[in-house]
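S.K.: Here is how the chains run, residue by residue.
There are 2 protein chains.
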Amino acid sequence: MKKLINDPQDVVRESVEGFGLAHADLVTVNPDPLVVSRAGGPVAGKVGLVSGGGSGHEPLHAGFVGVGMLDAAVPGAVFTSPTPDQIAPALTVASGGAGVLAIVKNYTGDVLNFETAVELAEADDIEVRTVVVNDDVAVEDSLYTAGRRGVAGTVAVEKIAGAAAERGDDLATVAAVAERVVANVRSMGVALTACTVPHAGRPSFDLPEDELEIGIGIHGEPGRRRIPLAGADAITEMLLTPAADDLGLARGDDVLLFVNGMGGTPASELYIVYRHARALLEGRGVTVARSLVGNYVTSLEMQGASVTVLRLDDELTALWDAPVRTAALHW
Amino acid sequence: MKKLINDPQDVVRESVEGFGLAHADLVTVNPDPLVVSRAGGPVAGKVGLVSGGGSGHEPLHAGFVGVGMLDAAVPGAVFTSPTPDQIAPALTVASGGAGVLAIVKNYTGDVLNFETAVELAEADDIEVRTVVVNDDVAVEDSLYTAGRRGVAGTVAVEKIAGAAAERGDDLATVAAVAERVVANVRSMGVALTACTVPHAGRPSFDLPEDELEIGIGIHGEPGRRRIPLAGADAITEMLLTPAADDLGLARGDDVLLFVNGMGGTPASELYIVYRHARALLEGRGVTVARSLVGNYVTSLEMQGASVTVLRLDDELTALWDAPVRTAALHW
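Protein sequence lines correspond, in order, to chains A and B.
The first sequence begins at 1 in the UniProt record's numbering and counts up one residue at a time.
The second sequence begins at 1 in the UniProt record's numbering and counts up one residue at a time.
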């Protein structure tokens, strides 16, 4: 195992500590329980946004803490849900008195631990609404999930709901906006290589030198099928078409097209995928109105990519465009 | 070779085409000769900034085209210098009548081809000054270089000189600022794995499973030495200390600390390196006044990182902080 780490047990703590030092203008890190929150504390009267999940998907979620997006992020161990007694303080630290929206990727452990944490927070008189993200069209049910997995579409949920909270929407409205993003976002990914969880020390799965896994999960969960090596355009079509079909994209629709890197893929390759995904959408009469290309929801050093489409309307577009100031998204 | 590409011959063209489509608000792509320039064309009366070099280091340089940084970037073939008749039109398209600064990483091919292109531009009455970046302290002379190589410090040169140009400094002043960054910036990198140039189809060098290359070049050129696998803190010290020593960092100095990923390294690992590099600097009585962590000067999918330190003064700090709006740097 070749990694720039010290003791595998210290990876998350040391990494988040470094992150907090590098971005002290944006975030505050509480070491125990480990919570990354917006610098300056909660904003009075604003709905708070909290997300979290296993580490190894950076910049998700801590990289999205800041103005116009999350108020707190809860990093679990690598590929392991954060605990309820770690999530509950995050709900508290994010609370500015107007309630808190919890954004949870659909993995059984995350869903259960957030549920327990929400009960704890509600016992402290913090009103919490939860939205579960399940944008991955690859498979129904999976290694760690009942129903569809939550993957890169989470970025759009956090950005757009964050903008709604920042402009002063109340909890019910922010939650409804988040649900509207969930209803309109679909993703699918491919792995070229596996990744290695530090404390495991060996790759999470075997992927032969001449095969790809279409529909991969962000923890290396099995996808739809393995195929022989193929060109980027052919692979892109295998990702974009199921996502666009499932969403029922129709001529005249506007979308955000988001090509996400899994961590070990060069930017140049992501733009090659973007180029063809865009051409395929345009061929369907769909307009790519907004774009995002880069490593946002990763799987450690996995080589691969995912394609996400979000059907936009005027309000979602305006919320996407609203200012954001976080370590990983900034405009 | 596992890559998200089509024909290896088309990698740069397709990638830059995708880049241009994704960032049409920031850049314009001229397909032949391939040049990426600031959307809206040159700014009248502003010094133009041009950089370029072999592809495979994305987001360098096209990702830095936009407001407050470069006016044009010239992507060569992968790890291959752009040609003079590709660079010369970039100097022209960047010219707003106040002269052009060419920022060149110190590789023999780049230096020679920029020299020829500058002669062509000057024949067209465009005044050009050139600054050569040579921040890599690992080795004197190298596979493709006489003298030190130019690596991640290039980002600081482009950002700070770009801010000077944007505020209206004249060509001599912008060039002097750029030279001051070059004089105050040092870097050193490590490779955990090799990378594969698409048209070569196999790794550029062999690096055994249990070894690292300290002082690696961004094209996989040999560094100072190979060492057995080591912890992140030990590796970080092997990178930071030579860079800081060469720069003569002294108690009381302020620096920008920049931890750069080589393309295939998870963000979490870069923050672990940042954490210890910062501690080492603080141990020397040096203040980390500004920070940058991420994949900015990459080597395709290479796993590894580099550490860059830039000694700051008030003016360099203000220019670093000045607004920038490009695909890869935005604040």
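In case anyone wonders, no lab produced these hints; they're calculated from the structure.
Any given hint might turn out to be false.
DEER-style ranges, computed between Cβ atoms [said to hold, decoys possible]: (1) B:Asp170 - A:Ala176: 19 to 29 Å; (2) A:Gly231 - B:Asp210: 52 to 62 Å; (3) A:Ala318 - B:Asp246: 27 to 37 Å; (4) B:His199 - A:Thr173: 45 to 55 Å; (5) B:Asp245 - A:Thr173: 48 to 58 Å; (6) A:Ala176 - B:Leu143: 13 to 23 Å; (7) B:Asp10 - A:Ile227: 47 to 57 Å; (8) B:Asp206 - A:Pro8: 47 to 57 Å; (9) A:Asp321 - B:Asp170: 45 to 55 Å; (10) A:Arg251 - B:His199: 32 to 42 Å; (11) A:Pro208 - B:Asp10: 19 to 29 Å; (12) A:Gly231 - B:Leu143: 52 to 62 Å; (13) B:Pro31 - A:Ala176: 41 to 51 Å.
Derived lysine to any residue pairs resembling SDA-like cross-links, with alpha carbons at most 20 Å apart [what the hints assert, rightly or not]: (14) A:Lys2 - B:Ala200; (15) A:Lys2 - B:Ala194; (16) A:Lys2 - B:Ser204; (17) A:Lys2 - A:Gly231; (18) B:Lys2 - A:Gly223; (19) B:Lys2 - A:Ala194; (20) B:Lys2 - B:Ala200; (21) B:Lys2 - A:Gly231; (22) A:Lys2 - B:Glu115; (23) B:Lys2 - A:His199.
Note that the coordinates shown come from a computational prediction; the quantities given were computed from them, not determined experimentally.
Beta carbons: idealized from backbone N, C-alpha and C, even for Gly.
S.K.: Between A:Gly231 and B:Asp210, is the Cβ distance one that fits in 52 to 62 Å?
M.R.: violated (34 Å)
S.K.: Is B:Lys2 within 20 Å of A:Gly223, Cα to Cα?
M.R.: holds (18 Å)
S.K.: The hint says 47 to 57 Å between B:Asp10 and A:Ile227; measuring C-beta to C-beta, is that right?
M.R.: Check failed, 21 Å falls outside 47 to 57 Å.
S.K.: Please work out if B:Lys2 and A:His199 have their alpha carbons no farther apart than 20 Å.
M.R.: Violated: B:Lys2 and A:His199 sit about 26 Å apart, past 20 Å.
S.K.: Is the hinted pair A:Lys2 and B:Ala200 satisfied, with a Cα-Cα distance of at most 20 Å?
M.R.: Violated: A:Lys2 and B:Ala200 sit about 24 Å apart, past 20 Å.
S.K.: Does the structure keep A:Lys2 and B:Glu115 at a Cα separation of 20 Å or less?
M.R.: violated (41 Å)
S.K.: Looking only at beta-carbon atoms, does the pair B:Pro31, A:Ala176 fall within the given range of 41 to 51 Å?
M.R.: At 45 Å between Cβs, range holds.
S.K.: Holds or violated: are the alpha carbons of B:Lys2 and A:Gly231 at most 20 Å from each other?
M.R.: holds (10 Å)
S.K.: Given the range 45 to 55 Å, decide if the beta-carbon distance of B:His199 to A:Thr173 lies inside it.
M.R.: Once the Cβ atoms are compared, 53 Å apart, the range 45 to 55 Å for A:Thr173 and B:His199 holds.
S.K.: Determine whether the Cβ-Cβ distance between A:Pro208 and B:Asp10 falls within the hinted range of 19 to 29 Å.
M.R.: holds (26 Å)
S.K.: Are A:Lys2 and B:Ser204 close enough, with their CA atoms no more than 20 Å apart?
M.R.: holds (18 Å)
S.K.: For B:Lys2 and B:Ala200, compute the direct alpha-carbon distance and say whether it is at most 20 Å.
M.R.: Within the cut-off at roughly 12 Å; holds.
Violation of the numbered hints given earlier is confined to hints 1, 2, 3, 6, 7, 8, 9, 12, 14, 17, 22, 23; the remaining hints are satisfied by the structure.
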